[in-house]
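**Student:** In the order they appear, the protein sequences are chains D and U. Under this note's numbering, think of the first position of the first sequence as 105, with each following residue one higher. Under this note's numbering, think of the first position of the second sequence as 947, with each following residue one higher.
It should be emphasised that the hints constitute simulated quantities derived from the structure, not laboratory data. Just to be clear, a hint being listed does not mean it is correct.
[Stated by the list, open to error] Computed cross-link-like contacts, DMTMM-like style, restricted to lysine to aspartate or glutamate with a CA-CA straight-line distance of at most 25 Å:
| id | chain 1 | residue 1 | chain 2 | residue 2 |
| --- | --- | --- | --- | --- |
| 1 | D | Lys137 | D | Glu224 |
| 2 | U | Lys1041 | D | Asp191 |
| 3 | D | Lys137 | U | Asp1042 |
| 4 | U | Lys1041 | U | Asp985 |
| 5 | U | Lys1041 | U | Glu1120 |
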Amino acid sequence: MSAPGNEIDGNVGDPRGAHGHPGDGGIAHASLKGYLTGFVLAAILTVVPFWLVMGHVIDDAAIASAIILGLAAVQIVVHVVYFLHMDTASEHGWNMLALIFTAVLVTIVLGASIWVMYTENANMMPMASQALHHAMGR
Amino acid sequence: MSTTIRDTVDADAPQFYCTEEPHPENGTLLGFWIYLMSDCFIFASLFACYAVLGTRYAEGPSPREVFDLPMLAVNTALLLLSSVTFGFAMLAMAKDRRGATLAWLAVAGVCAAGFVGLEVREFAHMIAAGAGPDRSAFLSSFFTLVGTHGLHVTVGILWLATLMVQVARHGLDETNRRRLSCLSMFWHFLDLIWVGVFSFVYLVGVLR
């Protein structure tokens, strides 16, 4: 990778093509089999949640939602691995580092927002339901 | 090689500075990946908005009333097909086959255009039915999130068309390969975001 003159070599040929150096990231690992595997997995992981919802398979909305979000998380990993060709070696690990950093921050942003707003709602809820109760009682 | 050797010969005296910019190979792709990660934050905050506001209907329509699941299924299939056909274009590019690359890019572009077309149609129907972004917090956050994604796909299609002209004119040279690699990441990234959209916004929304 850091061999002298590597840049010159890299500029002449295709640095990412069929003969690309392993570990340079991206397209070097791409193969028809990889794309097809990713496609089939993604298709299955898409069809199942649609079937769950459209076929009214699970009555409990909370459980069904959890399963759908779980399948979505799996499918996102499938996309990252088979379509974006992400692994620990690509770009000497910098891609992965950026991805992990993003994942952590996204988790904080999403998780904390939902947590804060849910807690707020939960704290507001008794008053609301009490008022409703009174109104219904009258 | 020669430049490196000459540099070391010239620099017999001790060097106190870098004679070359230290940069990784394919720096463009790493930079583009970091851009995508920042784009990820935009979507994450829009998802967070939807998570918070998605149940505030303001006595307006609920997801169950406005979402059309069969159309969503077609839309999702189109985007997934577009993603995998773009992958085939990249494989053709690696084999240096310009015609096949262009053909697969065209297929990917048509699928994505179908996706955007269906989405615009859905938006138009919703607005005509009085479920526009001004109706409730749920619909505001919905239109912002899904609209931002649709805008990304639209820009991706413009980018794709530009690159198809470039490839047709100048062939699969080094520059075009780099550009196509960037667009490839952008394209797959948008499909990845869509997984979150159809699962979290549409399917879970309909269940509520």
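**Student:** Find the hints from earlier in the document that the structure breaks and name them by number, from lowest to highest.
**Tutor:** Violated hints: 1 and 4; rest satisfied.
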